[in-house]
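Colleague: Model the full structure from these sequences, guided by the hints.
Number of protein chains: 2
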Amino acid sequence: MTTITGKFLREDLQIGQLADHVGQRAQLRGAVHGLRDLGGVVFLTLRKGDGVVQCVCPPELVPQALCQEATVKLTGAVRQEPRAPRGVELAVEAVEILSLPARPMPVPISKDKLNLKLDTELALRPLTVRNLRQRAVFRIQAVIAGAFRTYLDSQNFTEVHTPKIVSAGAEGGSNIFRLSYFGRKAFLAQSPQFYKQTMVGSLERVYEVAPVFRAEKHATARHLNEYTSLDCEMGYIDSFYDLLELEAGFLRHCMEALKERCGRELRYLGVVVPEIGEIPAVPFEEAKRLASEAYSRPIRDPFDLEPEEEHLIGRYWKERTGSDFVFVTHYPSKKRPFYAMDDPADPRYTLSFDLLFRGVEITTGGQRIHDYAQQVEKMVKRGMDPAEFTDFLMIHQHGMPPHGGMGIGLERLTMQLCGLDNVRHACLFPRDIHRLTP
Amino acid sequence: MTTITGKFLREDLQIGQLADHVGQRAQLRGAVHGLRDLGGVVFLTLRKGDGVVQCVCPPELVPQALCQEATVKLTGAVRQEPRAPRGVELAVEAVEILSLPARPMPVPISKDKLNLKLDTELALRPLTVRNLRQRAVFRIQAVIAGAFRTYLDSQNFTEVHTPKIVSAGAEGGSNIFRLSYFGRKAFLAQSPQFYKQTMVGSLERVYEVAPVFRAEKHATARHLNEYTSLDCEMGYIDSFYDLLELEAGFLRHCMEALKERCGRELRYLGVVVPEIGEIPAVPFEEAKRLASEAYSRPIRDPFDLEPEEEHLIGRYWKERTGSDFVFVTHYPSKKRPFYAMDDPADPRYTLSFDLLFRGVEITTGGQRIHDYAQQVEKMVKRGMDPAEFTDFLMIHQHGMPPHGGMGIGLERLTMQLCGLDNVRHACLFPRDIHRLTP
Chain A
1 MTTITGKFLR EDLQIGQLAD HVGQRAQLRG AVHGLRDLGG VVFLTLRKGD
51 GVVQCVCPPE LVPQALCQEA TVKLTGAVRQ EPRAPRGVEL AVEAVEILSL
101 PARPMPVPIS KDKLNLKLDT ELALRPLTVR NLRQRAVFRI QAVIAGAFRT
151 YLDSQNFTEV HTPKIVSAGA EGGSNIFRLS YFGRKAFLAQ SPQFYKQTMV
201 GSLERVYEVA PVFRAEKHAT ARHLNEYTSL DCEMGYIDSF YDLLELEAGF
251 LRHCMEALKE RCGRELRYLG VVVPEIGEIP AVPFEEAKRL ASEAYSRPIR
301 DPFDLEPEEE HLIGRYWKER TGSDFVFVTH YPSKKRPFYA MDDPADPRYT
351 LSFDLLFRGV EITTGGQRIH DYAQQVEKMV KRGMDPAEFT DFLMIHQHGM
401 PPHGGMGIGL ERLTMQLCGL DNVRHACLFP RDIHRLTP
Chain B
1 MTTITGKFLR EDLQIGQLAD HVGQRAQLRG AVHGLRDLGG VVFLTLRKGD
51 GVVQCVCPPE LVPQALCQEA TVKLTGAVRQ EPRAPRGVEL AVEAVEILSL
101 PARPMPVPIS KDKLNLKLDT ELALRPLTVR NLRQRAVFRI QAVIAGAFRT
151 YLDSQNFTEV HTPKIVSAGA EGGSNIFRLS YFGRKAFLAQ SPQFYKQTMV
201 GSLERVYEVA PVFRAEKHAT ARHLNEYTSL DCEMGYIDSF YDLLELEAGF
251 LRHCMEALKE RCGRELRYLG VVVPEIGEIP AVPFEEAKRL ASEAYSRPIR
301 DPFDLEPEEE HLIGRYWKER TGSDFVFVTH YPSKKRPFYA MDDPADPRYT
351 LSFDLLFRGV EITTGGQRIH DYAQQVEKMV KRGMDPAEFT DFLMIHQHGM
401 PPHGGMGIGL ERLTMQLCGL DNVRHACLFP RDIHRLTP
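Taken in sequence, the protein lines are chains A and B.
Here the first sequence is numbered in our numbering, starting from 1 and rising by one per residue.
Here the second sequence is numbered in our numbering, starting from 1 and rising by one per residue.
Incorrect hints may have been included.
No distinction is drawn between identical chains; accordingly, a pair holds when it is met within one copy or between any pair of copies.
What the hints assert, rightly or not - In silico BS3-like links for lysine-lysine, alpha-carbon gap of 25 angstroms or less:
no.	residue 1	residue 2
1	Lys-7	Lys-259
2	Lys-217	Lys-185
3	Lys-7	Lys-318
4	Lys-335	Lys-113
5	Lys-217	Lys-7
6	Lys-378	Lys-318
7	Lys-318	Lys-73
8	Lys-378	Lys-217
9	Lys-217	Lys-335
10	Lys-113	Lys-259
11	Lys-185	Lys-73
12	Lys-378	Lys-7
Note that these hints are calculated values from the structure, not bench results.
Modeller: Next up, the structure:
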């Protein structure tokens with residue numbers, strides 16, 4: 001019998017701790033990110049989870065086999081070095097090899113930019129994500145998702161976990177993956193919509209961070225067939241504007257968290273974190289018309305926004321208010337799902353919104369129907385059979401508060417924040433119509 | 001244009017805030033959990049996300065239509081009342097109905113225990129989860145998942161999001177769901193195993209909280225076909241015991257978080273939070289033999305643990321050390337997946353472990369093979385074709401540190417902590433061989 005105490009202490013230092021250990025001896029374990037033999041001295045760039053550090057080795061300490069992507073344990077003295085990236089370096093006194101690669105890297109991962117074609121980059125993603133620039137995107141993404149949870153926790157929301165194998169789609173349409181579930185027809189959830197509404201009846205305010213699945217056949221720079229959705233749903237709203245305020249509150253918290261915890265990654269990528277001041281919220285028709293007039297672009301589809309229109313609406317409000325964000329509200333009813341609440345003032349429109357960030361939609365949300373008769377009526381008007389939605393309608397039958405919520409695409413938000421030109425750069429292992437691996 | 005400021009302030013109070021507002025007026029919005037008309041006075045139990053509160057209404061203020069599961073806005077004075085559950089009550093001065101149910105509740109959800117058959121309970125889960133006892137389980141579950149993340153964040157782990165639609169299973173065997181992905185054969189991920197190992201090569205320490213899918217055909221009280229896995233993977237371990245220490249550290253942090261944030265729910269369910277002191281770690285063969293001898297139960301399967309054996313092993317170490325937890329280490333190699341590292345001292349066993357909590361396995365983990373030649377050799381020995389795992393083997397080929405990790409079943413951990421007799425009680429909307437709805 002061995003005894004486990006849970007006192008999880010490591011002698012190793014993280015890169016971020018080195019500055020506090022100048023003049024002391026330290027032990028570091030990491031991967032050899034780069035290796036430069038200058039004859040009299042060998043410069044080893046050690047990569048750890050939170051950064052890299054320059055390590056100076058006397059040549060006689062460097063084992064013959066040492067190479068890029070070997071993993072090593074280094075001991076030495078931490079000293080100040082103003083020319084080194086973090087102002088510190090390790091004067092190495094011992095090198096122990098922990099593991100060696102079987103083959104050299106096929107791409108120069110220690111370069112600043114890899115400049116690979118997208119297909120190549122994604123095919124080699126298990127390796128290219130060791131590149132510091134690529135890795136920084138995913139460190140930033142982790143902080144965004146964490147900020148979503150901590151903000152909602154602070155607002156009395158509770159996290160839930162709802163099933164991804166479902167018997168019916170929430171978003172309708174044909175973009176749903178089918179599977180056989182022990183001989184029965186089943187689907188992959190397009191969103192946690194029914195379940196998060198259900199949980200509002202119990203926990204009042206809920207959120208979920210989980211994958212959603214969309215079998216969309218078009219391959220664009222902004223669509224993924226599987227993505228991470230930051231979902232929340234809130235009971236007892238006064239109006240759907242409460243949801244916009246909630247999202248603005250999250251965004252402000254998120255940007256602060258990024259500045260606090262990802263300063264290095266943001267600088268590395270040259271990302272300017274937007275200031276969240278006042279965000280304009282503009283009705284769909286007005287937003288569309290103003291952008292059309294300002295940039296002389298005729299309106300083609302009166303019921304939806306084309307990507308170029310989103311771009312122009314974002315530009316219009318950026319130029320006039322300085323905001324990187326603009327809420328577009330009151331989307332046409334025919335383009336919104338059956339659970340969206342129509343605007344009592346004009347039922348051709350819904351009490352719903354999208355959020356555009358630097359001209360790209362990153363959120364869809366709105367108030368939902370809470371009244372049973374109203375929900376059944378809207379379904380019947382759309383030719384849907386309420387009998388197919390018994391489990392969902394159970395909550396309306398037995399009482400629901402006025403409520404609403406939203407879904408934020410984590411990869412889209414990451415892409416726009418980091419200024420990436422393709423959402424695949426903001427997804428570790430993207431799934432699209434052509435891509436099921438790695 | 002409307003201006004959104006993100007100053008998300010509500011006049012409403014949460015139940016937990018009432019004790020600080022004694023003597024003041026308050027506004028509360030919630031659902032009518034219970035309603036008792038005593039003639040001269042009406043007692044309304046108001047349910048909000050974080051609890052219930054007794055509200056005393058003069059009969060003339062109570063609208064005729066008011067009923068259980070109506071949602072209301074109440075205003076009144078907060079006053080001390082030692083006989084009320086939280087020591088406070090609301091002396092109601094105005095009742096505004098926000099919504100009314102279309103039909104009465106089919107089950108008495110305001111009772112302490114519902115005493116429904118499991119099938120009935122799960123079929124009505126959208127409603128039964130409004131019951132306080134049921135809801136408490138999921139409030140506890142949210143704190144467990146949150147504690148997993150905050151503990152790992154504190155240990156320099158980074159959250160990742162990896163695909164659930166995959167081209168090959170990580171765990172092997174037949175228990176994998178198949179789907180058609182734009183005409184190609186695809187599967188639902190049984191675990192994020194390959195991806196979290198991959199990310200160790202980049203971020204060194206990673207975790208993911210996400211659904212996993214197991215097409216197991218047996219219907220037991222402890223299996224779900226979709227569950228939430230708390231997964232983590234860590235580079236630069238000294239030995240696989242580092243992983244046990246990491247898990248013990250998480251458990252200690254988790255139990256503290258539960259005591260701090262779920263005191264009410266724990267008391268409500270009568271849950272005693274285990275003390276995490278020293279946890280025994282016992283090799284598989286020894287654990288099996290000692291329990292067999294102590295309780296005179298012959299060993300039938302020398303390579304695996306039957307549920308009754310897990311129960312007896314838990315009992316054995318609880319009796320001898322007082323620990324509710326016991327790690328069983330060194331599982332037989334033939335029962336562990338191809339990526340598990342064999343024990344160099346005896347390759348019939350692996351450097352792996354399960355954690356039993358009150359006699360039920362809640363975690364599987366272990367050290368993984370990091371050397372390319374060694375991984376290929378083990379695959380070939382098992383009759384596997386390495387060519388089918390090119391993307392996974394890419395990381396071994398190009399250098400990986402010694403590493404390992406674990407997966408913790410969130411619903412299992414919740415079930416054992418709350419003393420539930422079926423894992424379905426710890427899953428909001430369970431999926432099993434017979435159940436695809438609600």
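Colleague: Now look at each hint and say whether the structure bears it out.
Modeller: Cross-check of the supplied hints:
For the identical chains of this complex, Lys-7 and Lys-259 are inter-copy neighbours only, at 20 angstroms across copies versus 31 angstroms inside a copy, given an alpha-carbon limit of 25 angstroms. Proximity of Lys-217 and Lys-185 under a CA criterion of 25 angstroms is satisfied in both settings, with 21 angstroms inside one chain copy and 16 angstroms between copies. In this homomeric assembly, Lys-7 and Lys-318 come within 25 angstroms of each other (Cα to Cα) only across copies, at 21 angstroms, whereas the closest approach inside a single copy is 51 angstroms. Proximity of Lys-335 to Lys-113 under the C-alpha cut-off of 25 angstroms is found in neither arrangement, the shortest distances being 41 angstroms within a copy and 44 angstroms between copies.
Proximity of Lys-217 to Lys-7 under the C-alpha cut-off of 25 angstroms is found in neither arrangement, the shortest distances being 51 angstroms within a copy and 40 angstroms between copies. Taking the shortest Cα distances, Lys-378 and Lys-318 never come within 25 angstroms of each other, neither inside one copy (37 angstroms) nor across copies (58 angstroms). In the homo-oligomer, the alpha carbons of Lys-318 and Lys-73 never lie at most 25 angstroms apart, since the shortest distance is 50 angstroms inside one protomer and 39 angstroms across protomers. Taking the closest pair of Cα atoms, Lys-378 and Lys-217 never come within 25 angstroms of each other, the shortest separation being 28 angstroms inside a single copy and 39 angstroms across copies.
In this assembly of identical chains, the alpha carbons of Lys-217 and Lys-335 lie at most 25 angstroms apart only when taken from the same copy (19 angstroms versus 41 angstroms across copies). Proximity of Lys-113 and Lys-259 under a CA criterion of 25 angstroms is satisfied intra-copy only: 23 angstroms inside one chain copy versus 48 angstroms between copies. With identical chains, the CA atoms of Lys-185 and Lys-73 are never at most 25 angstroms apart, being 53 angstroms at best within one copy and 43 angstroms at best between copies. Taking CA atoms no more than 25 angstroms apart as the test, Lys-378 paired with Lys-7 passes in neither setting, with 58 angstroms inside one copy and 34 angstroms between copies.
Comparing the model with each numbered hint stated earlier shows that hints 4, 5, 6, 7, 8, 11, 12 do not hold.
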